[in-house]
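Participant: Read top to bottom, the protein sequences are chains A and B. Position one of the first sequence corresponds to residue 3 (the numbering used here), numbered consecutively onward. Position one of the second sequence corresponds to residue 472 (the numbering used here), numbered consecutively onward.
What the hints contain is simulated information worked out from the structure, not anything from laboratory work. There could be a bad hint or two in this list.
[What the hints assert, rightly or not] Below 30 Å or equal to it, Euclidean Cα-Cα: the simulated DSSO-like pairs (lysine-lysine) are:
id, chain 1, residue 1, chain 2, residue 2
1, B, K597, A, K17
2, B, K620, B, K608
3, B, K620, B, K597
4, B, K608, B, K591
5, A, K17, B, K620
6, A, K17, B, K495
7, B, K608, B, K597
8, B, K591, B, K620
9, B, K608, A, K17
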Amino acid sequence: MNTGDMEFWEWASAKLRRVHRHREMTPEEMEAFLDTVEDEPLPENQIEEIVASIRAGLIPHQEPAPDFSWLGVNRDTEVEEDIYQLARNKGQDDEETLRRIEELRLRELEDDGESTDRLADGTEPTGEGH
Amino acid sequence: MDDIDIVLMMMEEDPEGVRWLLQKYGGKVKAGLRVKFGYVLAEPEIDEALNWGAFKAFRAAQSYDERRSSLRTWFYTIARNAARDILRGEERRTAEPLEHNPPWNAEQDDEPPLDPRKDKALSDLKEAVEALPRLQKAIIEADLASGGKADANRLAQVHGSTVNTIYVARSQAMSRLREEMRRRGHHIPSRAARGHTL
């Protein structure tokens, strides 16, 4: 920034601060200002946290929430696509694999058709305990 | 609870005094901070200014003078200064005892507020600020609110930018404003003419 710009800004910022919201106020003006703002009683937990910090000799600290808005509104959709891509098994889209999966699925369905209630040792259940 | 009792509790280093202070005036002070700084500070930062203000009020209770101001405006002034410190990026996370900040700022302005309707230069200046590109305008507004130069690191974080970009954008904004004022025919008095020395 050159000297001319700096001199200009000294002049301009002093002017803007006086008209803007950041002109220094007298106690009377501040009193009037505070009368105009709406009272929003603080939540009890916030007060409790501040008092507890002071009791512990620490400055009450509030960690600002991270702002990810600059990433853009469609970012979630892109990430969702990425997740699908990552979760897909190797070869899942391969024609041969898909054919094998279909064969296994049909075989399982045929087995279910033969007996749905056969026990692990191949015998039929007796019905006891039902 | 009377104001003077709250102050006495804090003077005796009883944190319950802060509880009373916040219950009685915390809501108004936070609302005041939001009005003045809501366009340059995020909500958690406004909370932080309030928290830090409460801590400083507790530590500075000895300096409170009821003849100069009410407890409410005294607390608001401390919280407002804390908000400016956040904008300027001044260290605030240390657990070391803080030095007392004079609640009434030494730079208090005794001049009356300006009326843009009666001051063409001011009116043009405001229009020029409004017309700045988004980032440049945000930097200028943060600078004005901070009472000096707003912290470039914080601005970079908030706007998803880099510190260098902030410096460049600030410089561009000032040049652009100056050029716009010159184009509109305003003569900007030099520093020497305004009574400053280089």
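Participant: Each hint should be assessed against the structure and marked as holding or not.
Facilitator: Each hint, compared with the structure:
no.	hint	result
1	B/K597 - A/K17	holds (10 Å)
2	B/K620 - B/K608	holds (14 Å)
3	B/K620 - B/K597	holds (19 Å)
4	B/K608 - B/K591	holds (20 Å)
5	A/K17 - B/K620	holds (16 Å)
6	A/K17 - B/K495	violated (35 Å)
7	B/K608 - B/K597	holds (11 Å)
8	B/K591 - B/K620	holds (26 Å)
9	B/K608 - A/K17	holds (16 Å)
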